[in-house]
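Which chain is which? The protein sequence lines are A and B, in order. Quick note: the first sequence uses the working numbering, first residue 1, plus one each step. Quick note: the second sequence uses the working numbering, first residue 254, plus one each step.
Read the hints as simulated data drawn from the structure, not as lab findings. This list has only true hints and no planted wrong ones.
These stretches of chain A come out as covered by chain B in the derived footprint (C-beta under 8 angstroms, 3 or more residues):
#1 102-113
#2 121-132
Subject to a maximum C-alpha distance of 25 angstroms in a straight line, what follows is the list of computed DMTMM-like cross-link-like pairs (lysine to aspartate or glutamate):
#3 A/K70 / B/E457
#4 A/K150 / B/E457
#5 A/K150 / A/D129
#6 A/K150 / B/D456
#7 A/K70 / B/D456
#8 A/K7 / A/E238
#9 A/K70 / B/D466
#10 A/K148 / B/D456
#11 A/K148 / A/E177
#12 A/K148 / B/D466
#13 A/K70 / A/D21
#14 A/K70 / B/D386
#15 A/K148 / A/E134
#16 A/K148 / B/E457
#17 A/K150 / B/D466
#18 B/K255 / A/E124
#19 B/K505 / B/D386
Predicted model only: the values in this text are computed from it and were never measured. Ideal Cβ positions, reconstructed from N, Cα and C, are used throughout, including at glycine.
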Amino acid sequence: MALLELKGVTMRFGGLYAVNDISLFVEPGQLYGLIGPNGAGKTTVFNVITGVYTPTAGEISMDGESLGGKRTGRITRHGVARTFQNIRLFANMTVLENVKVAFHCRQAARLAAAIFRTGTHAAEERRVDRESRELLKIFHLDHLAEEKAKNLPYGSQRRLEIARAMATSPRLLLLDEPAAGMNPQEANELMDLIRWVRDQYGMAILLVEHNMKVVMGICETVHVLDYGSTIAIGSPAEIQRNPKVIEAYLGGV
Amino acid sequence: MKRLAAGTGIVAALWLANGLLSGSLVPALGISPYFLQVLCLAGINIILAVSLNLINGFTGQFSIGHAGFMAIGGYSSAFLTVTFGDRIRAALGFLPEAGQNGVLLLTGLTVGAILAAIAGFLVGVPSLRLRGDYLAIVTLGFGEIIRVFIVNIDAIGGARGLSGIPKLANFFWIYLFAAITIVVVSRIVNSSFGRTLIAIREDEIAAEAMGVDTTRSKVISFSVSSALAGIAGALFAHYLMYLNPNSFTFLKSIEIIIMIVIGGLGSITGSVLGAVLYIGLTEGLREFAQYRMVLFSFLLVVLMIVRPQGILGHWELLAGLPRRWRLGVDAPPPVRG
Numbered sequence: 001m002a003l004l005e006l007k008g009v010t011m012r013f014g015g016l017y018a019v020n021d022i023s024l025f026v027e028p029g030q031l032y033g034l035i036g037p038n039g040a041g042k043t044t045v046f047n048v049i050t051g052v053y054t055p056t057a058g059e060i061s062m063d064g065e066s067l068g069g070k071r072t073g074r075i076t077r078h079g080v081a082r083t084f085q086n087i088r089l090f091a092n093m094t095v096l097e098n099v100k101v102a103f104h105c106r107q108a109a110r111l112a113a114a115i116f117r118t119g120t121h122a123a124e125e126r127r128v129d130r131e132s133r134e135l136l137k138i139f140h141l142d143h144l145a146e147e148k149a150k151n152l153p154y155g156s157q158r159r160l161e162i163a164r165a166m167a168t169s170p171r172l173l174l175l176d177e178p179a180a181g182m183n184p185q186e187a188n189e190l191m192d193l194i195r196w197v198r199d200q201y202g203m204a205i206l207l208v209e210h211n212m213k214v215v216m217g218i219c220e221t222v223h224v225l226d227y228g229s230t231i232a233i234g235s236p237a238e239i240q241r242n243p244k245v246i247e248a249y250l251g252g253v
Numbered sequence: 254m255k256r257l258a259a260g261t262g263i264v265a266a267l268w269l270a271n272g273l274l275s276g277s278l279v280p281a282l283g284i285s286p287y288f289l290q291v292l293c294l295a296g297i298n299i300i301l302a303v304s305l306n307l308i309n310g311f312t313g314q315f316s317i318g319h320a321g322f323m324a325i326g327g328y329s330s331a332f333l334t335v336t337f338g339d340r341i342r343a344a345l346g347f348l349p350e351a352g353q354n355g356v357l358l359l360t361g362l363t364v365g366a367i368l369a370a371i372a373g374f375l376v377g378v379p380s381l382r383l384r385g386d387y388l389a390i391v392t393l394g395f396g397e398i399i400r401v402f403i404v405n406i407d408a409i410g411g412a413r414g415l416s417g418i419p420k421l422a423n424f425f426w427i428y429l430f431a432a433i434t435i436v437v438v439s440r441i442v443n444s445s446f447g448r449t450l451i452a453i454r455e456d457e458i459a460a461e462a463m464g465v466d467t468t469r470s471k472v473i474s475f476s477v478s479s480a481l482a483g484i485a486g487a488l489f490a491h492y493l494m495y496l497n498p499n500s501f502t503f504l505k506s507i508e509i510i511i512m513i514v515i516g517g518l519g520s521i522t523g524s525v526l527g528a529v530l531y532i533g534l535t536e537g538l539r540e541f542a543q544y545r546m547v548l549f550s551f552l553l554v555v556l557m558i559v560r561p562q563g564i565l566g567h568w569e570l571l572a573g574l575p576r577r578w579r580l581g582v583d584a585p586p587p588v589r590g
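All chains should be built: construct the whole structure from the sequences, respecting the hints.
As structure tokens, then:
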């Protein structure tokens, strides 16, 4: 059974079909790429999966359990984490705190325990602190732990977004253009990091990306959207030869 | 044990300060009753400002009906002590009078806090489920509804006000609860739960996407804030011994907002400073008589131009000290690894 299943999902805004009858299956541990020209509906697919939008039609399920109608927070606790195309860090919090917020949904923290400062609360805070710092180390952000998120350079902010999403212990990670604005070297490092994260934690990754080198370099399956509809699904090599894909990107002759 | 010692120390210090300031210990050292009253009202303002800052400054949800929750706490506790005070005292006959007063006050405070928290919950659930400024709209209406409600209930004095409230609160009790408020709010803000509040302020969509149940966090934050306002109201009632619905108008809510904006939204130290400055300025400008509020508004405008983030911004007292001395910061020491 697939980890994530989208069956005939349609998202309509008035007369505009942002996503039209899309079916998509992501297996556990799979690196799945979602590409398409601007406005093809990629981010809308993310927003539908994470419950930001309720799809007009179709079924979304994870491990066979329907995600329909659930709030974003519950879907995240169910094991889906995401990053944002336009970075949405908690700007005035430190790098460390950004990650700690994401740990909260796996914590048993009680407010009363915090107010009376019980021993279990302190122990849990120490554990979260340690795990957050370990996570930052993986993403080469440990030396910036006490820095405010808004003061980070762009590439580090993108890495912090991924680290923060990882802190929710997802089984499916949705990355929305993680390489946007990165130079070729940073993009290469990011590719290695994504692959490493997948191998290490075994989570499935759904990747939206315009940088074809990244997509073709790491994805096992590539799904191409145009005007909200699927035009091709296949391995990177197949997609690169597909005439429909070439037409969508370069225009017909 | 350390915490117990610190708590006892604070209580003893407040008791001593109370005795000295009121002149009951050494009559020569007592300050004027006017000044003592200003100090006590400043203490109540500190509770109001710090509690409002929890929802406005840290959670980023704009509430403009804090006076309404204060009114609920004040009236409910006063109704309790006026109506059942004698019976409670009779049941506590074995205690000395100061003890009876203390128990009576604490009962009133508890009832006031619980009712204000329930009101906060009921107001918060529908309006905080939504993103945006709905809380401001709803609390604005709520504050007025409470006031009009009180005006029309004869059992609690209606428009005449409620008099004959026993004087149970004094400098000691007011500042004890001001200290408790500061400790509670700073511990909340520095806890795992508190981080979710700040995350909601920073970016609600991202907070929700990181698994935070934003509605739950906001409602809890708002209920705690309301409960503390209820305590402030109850202390206010039992200090001045008289309540009038006109003490809880929209203007009172705005006053509290001014305090936290002066001090810096998102700084507990700032709220304390703002509360003290506000009452200091309004009292200090009394000699300018009718120009008082004009001058005060002018000072506010100047402050907002010169320092829009408030005097302290996000800065906290003691934040630069070693962690264990900090006000309420319970973050563990950094673990190297």
